[in-house]
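Since chain A is already given, all that's left is putting chain B on it; use the hints.
Protein chains: 2
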Amino acid sequence: MWLDLDLEGELCSAEAVATEDARIAALTEVFRTDSADVRVGIGDDAAVLADGLVLSVDVCVEGTHFRRDFGPLEVLARRAAVGALSDLAAMGACPRALLSSLVVPGTLSDSELLALHRGLAAAATEVGAAVVGGNLAAGGELSLTTTVVGRSTRPLRRCGAKVGDAVYLSGPPGDAGLGLLALLAGRSSAFADRWLWPRAHIEEGLSLRGVASACVDVSDGLLRDLHHLCAASGVGAEIELAAIPRGGGFEAEARALAQDPDEVLLGSGEAYVLLFTAPASLTWATRIGTVVSEPGVFVRDRSGRRIARSPRGFDHFASGELTPVRG
Amino acid sequence: MWLDLDLEGELCSAEAVATEDARIAALTEVFRTDSADVRVGIGDDAAVLADGLVLSVDVCVEGTHFRRDFGPLEVLARRAAVGALSDLAAMGACPRALLSSLVVPGTLSDSELLALHRGLAAAATEVGAAVVGGNLAAGGELSLTTTVVGRSTRPLRRCGAKVGDAVYLSGPPGDAGLGLLALLAGRSSAFADRWLWPRAHIEEGLSLRGVASACVDVSDGLLRDLHHLCAASGVGAEIELAAIPRGGGFEAEARALAQDPDEVLLGSGEAYVLLFTAPASLTWATRIGTVVSEPGVFVRDRSGRRIARSPRGFDHFASGELTPVRG
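For the record, the sequence lines run as chains A and B. Just so it is clear: in the first sequence, position 321 is 321 by my numbering, and no numbers are missing. Just so it is clear: in the second sequence, position 207 is 207 by my numbering, and no numbers are missing.
Looking at chain A on its own, in the form it has when it is part of the complex (with noise of 0.2 angstroms):
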């Protein structure tokens, strides 16, 4: 949610970072509440209401997020649907509901209303939920907001990392931003469909609920993301590139396509994988490095240097369409 206050990638200059910290330090202001039924609100994943009710909402605009010769309209709504479920995840709750809303043209049919509703049933069934309702209305241009319903009577946080603490992810950053780039540049890719069929890592955030210290999904980027968890937990963190898990044939790909590998992998977004940290040894997770006091991110590259990097990320935000740009 809010700590995404980016208008999607705009965000690969410090100013635009300074800009998003202004932003959210602007909106914490005007939506400060003493609530009591206000668990967690603005600044993390989700928010949490007092009995453990998780929401979250999350919105793919046409042009901004995708492009429909991406692919079929049903996996392009379910693919919205699992970014919103992802939040879930990362707070370690358990989906119950979504609510779609939806803005379409006026040119859309019915069958293409009806694939769009399909792909955010299948990703509502996939993990337990129901699609409880929603809206329709007609625009200029087709966006899916979706609103995810879920509990938690221990949910996840960004702000618990310690020092020491390992950091942790639960699938590759990269190889959805790849195929992302392979499906801007009209490049046949098996990366494409690392992109195209996300998976919301609900098991995983509910395996992590009491182990974890601190967790996000990566949805803008690891060093954004990472950036986000460090920031809110007060410490930095450092990791080592060689050891951020990526599919086979990525370096390779990244070349095919132009691009530096390591700056995919560190920038790109949409993964929906889970970053923690955690004190504990896990065997199921990769670990990629260390939660340390100086704050910041630090990048260890394979000839053992220490790099400070800010959290660049990609935009397909600043020329008004999906266009990526190196970090």
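Please keep in mind that the hints were generated in silico from the structure rather than gathered at the bench. Hints may be right or wrong, so weigh each one.
Simulated DEER-style distance windows between Cβ atoms [stated by the list, open to error]: (1) B:ALA256 / A:PRO72: 32 to 40 angstroms; (2) B:GLU203 / A:ALA308: 51 to 59 angstroms; (3) B:ASP51 / A:LEU108: 32 to 40 angstroms; (4) B:ALA190 / A:ALA185: 54 to 62 angstroms; (5) A:GLU126 / B:ALA50: 20 to 28 angstroms; (6) A:ASP193 / B:LYS162: 17 to 25 angstroms; (7) A:GLY106 / B:GLU251: 28 to 36 angstroms; (8) B:PRO105 / A:ARG306: 52 to 60 angstroms; (9) A:SER207 / B:LEU282: 52 to 60 angstroms; (10) B:PRO105 / A:GLY106: 45 to 53 angstroms; (11) B:CYS159 / A:GLY106: 43 to 51 angstroms; (12) A:SER293 / B:GLU203: 37 to 45 angstroms; (13) B:ARG32 / A:THR153: 44 to 52 angstroms; (14) A:PRO105 / B:ARG255: 34 to 42 angstroms.
Part of the chain A face toward chain B, derived, beta carbon under 7 angstroms [to be verified]: (15) ILE42; (16) VAL59; (17) LEU241.
Even glycine gets a Cβ: it sits at the ideal position worked out from N, Cα and C.
Quick look at chain B alone, frame taken from chain A:
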């Protein structure tokens, strides 16, 4: 919510209404669930989960639902949230939390963004709820999606109206629509404020629990919403045109705008008053008619004629812009 599956106003023809019915039937099938957690699913003003959680979502799209020159962004944003909160009122629910999802053009300034958020915060504060989270994304057109979360142990429904019940309104159903016509015409009018400053009838809804046999809010127009209520309840309704409440000077203002006052009264939406049926005699609401066994909605005019009326309303969609048409 989805009974308003209408592409906002694409409903002035019998064919469009038939299409709407077919769409709802298709949706109900796509989103069919046997989850014990879903007490009220698609087909009412809001969904209700097993623990009395009430959920709804609504969207306002620039060009479809409003124009920026109608009023300050703060006022327009407050209004968008009130439209969503009105669904909670119709369910007799107490508001707990709001989530906001904004799609904004890149040209929107930070201060304009802040104004939108201030308006949302105002709407939430007025009903004792908090904005607990949201999302912000870039797009070509401004749209404001608001998810509302409430609670109700005894939710009001659309489906309980009984023959012989009285039909009531909690306020004037046409004043806001007349205000919209004035705004569209660029005419200064006291009614414009009725459109700009609606109020969700939360207290009224809460007081109807255990009293009303069926309830909806007038979001799509009196005729359409009464049709919805009657269809859900398997009954019909007969209402008196002269009994329908309206603001002082309504007829004169309508004529000045070259509109038929009766059609504005019957067909314009976004009033967010409650339309309900009850066996009891209530003094605080206005009785406008009676529930009958014959399916349909029948309007008795000033000359005593009883006319069957189709669920016609305003069409601010067909042309792709805000263009009201007569019912």
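Verification of the hints:
1. Restraint check, ALA256 (chain B) to PRO72 (chain A): a C-beta distance of roughly 51 angstroms breaks the suggested window 32 to 40 angstroms.
2. As the Cβ distance of GLU203 (chain B) to ALA308 (chain A) is approximately 55 angstroms, the hint placing it in 51 to 59 angstroms holds.
3. Here the CB-CB span from ASP51 (chain B) to LEU108 (chain A) is close to 36 angstroms, well matched to the stated 32 to 40 angstroms.
4. A C-beta distance of roughly 58 angstroms is found between ALA190 (chain B) and ALA185 (chain A), which places it inside the suggested range of 54 to 62 angstroms.
5. Our hint of 20 to 28 angstroms for GLU126 (chain A) and ALA50 (chain B) holds, since their Cβ atoms are close to 21 angstroms apart.
6. The hinted range of 17 to 25 angstroms is not satisfied by ASP193 (chain A) and LYS162 (chain B), whose Cβ atoms lie roughly 55 angstroms apart.
7. Between GLY106 (chain A) and GLU251 (chain B), the C-beta spacing of about 34 angstroms keeps the proposed range 28 to 36 angstroms intact.
8. Distance hint for PRO105 (chain B) and ARG306 (chain A): a CB-CB separation of about 41 angstroms, inconsistent with the stated range 52 to 60 angstroms.
9. Between SER207 (chain A) and LEU282 (chain B) the beta carbon distance is about 54 angstroms. The supplied range of 52 to 60 angstroms therefore holds.
10. Remark: the range hint 45 to 53 angstroms for PRO105 (chain B) to GLY106 (chain A) is contradicted by a beta-carbon distance near 20 angstroms.
11. Between CYS159 (chain B) and GLY106 (chain A) the CB atoms are about 31 angstroms apart, so this pair departs from the stated range of 43 to 51 angstroms.
12. Distance hint for SER293 (chain A) and GLU203 (chain B): a CB-CB separation of about 53 angstroms, inconsistent with the stated range 37 to 45 angstroms.
13. A hinted range of 44 to 52 angstroms for the beta carbons of ARG32 (chain B) and THR153 (chain A) is inconsistent with their spacing of about 29 angstroms.
14. Distance hint check for PRO105 (chain A) and ARG255 (chain B): the Cβ-Cβ separation is about 36 angstroms, which falls inside the suggested range of 34 to 42 angstroms.
15. A distance limit of 7 angstroms between C-beta atoms decides the matter here; for ILE42 (chain A) the minimum to chain B is near 6 angstroms, and the interface restraint holds.
16. This hint holds: VAL59 (chain A) has a C-beta 5 angstroms from the nearest C-beta of chain B, less than the 7 angstroms allowed.
17. Interface hint at LEU241 (chain A): violated, since its Cβ lies 30 angstroms from the closest Cβ of chain B, which is beyond the 7 angstroms cut-off.
Hint check: violations occur at hints 1, 6, 8, 10, 11, 12, 13, 17; the rest are consistent with the structure.
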